[in-house]
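Asker: All chains should be built: construct the whole structure from the sequences, respecting the hints.
Numbering (numbering that gives the first Met the number 0) for the sequence shown: 0 to 194.
Have a look at the derived ranges for each label pair, beta carbon to beta carbon:
1) G179 / D32: 26 to 34 Å
2) A35 / G156: 41 to 49 Å
3) E19 / G157: 38 to 46 Å
4) G96 / A121: 22 to 30 Å
Treat the hints as calculated values from the structure; they're not laboratory data. Predicted model, so just to flag it, every value in this text is computed and none were measured. All C-beta atoms in this analysis are idealised placements derived from N, C-alpha and C, irrespective of residue type, glycine included.
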Amino acid sequence: MRIGALALQGDFREHLAVIERLGHEGIEVRTPDALAVVDALIIPGGESTAIGRLAVIYELVEPLRRRIANGMPVLGTCAGMIFLAAGTTGAAQPQLGVLDVIVERNAFGRQVDSFEADLQVAGFDRPMRAVFIRAPWIEKVGGDVEVLAAVDDPYGGGSHPVVVRQDRILATSFHPELTGDDRLHSMLIESVEER
Numbered sequence: 000m001r002i003g004a005l006a007l008q009g010d011f012r013e014h015l016a017v018i019e020r021l022g023h024e025g026i027e028v029r030t031p032d033a034l035a036v037v038d039a040l041i042i043p044g045g046e047s048t049a050i051g052r053l054a055v056i057y058e059l060v061e062p063l064r065r066r067i068a069n070g071m072p073v074l075g076t077c078a079g080m081i082f083l084a085a086g087t088t089g090a091a092q093p094q095l096g097v098l099d100v101i102v103e104r105n106a107f108g109r110q111v112d113s114f115e116a117d118l119q120v121a122g123f124d125r126p127m128r129a130v131f132i133r134a135p136w137i138e139k140v141g142g143d144v145e146v147l148a149a150v151d152d153p154y155g156g157g158s159h160p161v162v163v164r165q166d167r168i169l170a171t172s173f174h175p176e177l178t179g180d181d182r183l184h185s186m187l188i189e190s191v192e193e194r
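Answerer: Listed below in structure tokens is the structure:
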């Protein structure tokens with residue numbers, strides 16, 4: 000299988016290493032032509048505003064929307080989740096608007112507030128170690144979005160979704176490529192196999 004990683008900015012190389020470890024071909028996606036040949040796509044963590052602006056410059060926004068609307072499985076992590084989302088609680092930025100959630104950027108705080116946690120993810124037989132780096136959380140979830148995991152607000156505001164699924168879109172607030180736990184990447188690959 001050919002699994003792409005949007006290679007405009009962020010930690011796409013780490014995701015491609017996971018894909019190759021799982022026995023599939025990892026492809027760096029920077030152009031509509033490269034996007035056209037992949038079976039699924041990972042949108043990595045990084046800086047969501049930069050990813051959005053570069054996607055506009057490289058004329059990838061509409062091709063991405065079309066491929067996702069046509070059922071291409073996609074995994075967005077951290078900034079990738081923000082780029083997939085319908086909106087944010089802050090200032091407007093380039094987004095695909097294909098995932099029916101509203102995201103709060105840097106919700107857990109600044110870089111020094113980054114942390115790790117063991118998450119109970121729906122469907123997983125054991126907890127998943129999650130690395131949150133200047134991480135967003137989901138503030139509002141649409142009716143077709145399934146929440147697979149949530150964490151408590153460290154400031155006392157209840158719990159917030161950090162892993163969601165909508166059709167073939169999977170999104171996380173954290174960086175699964177940093178822990179050696181490949182289960183979310185495997186879920187992406189299974190989505191391709193189910194097509």
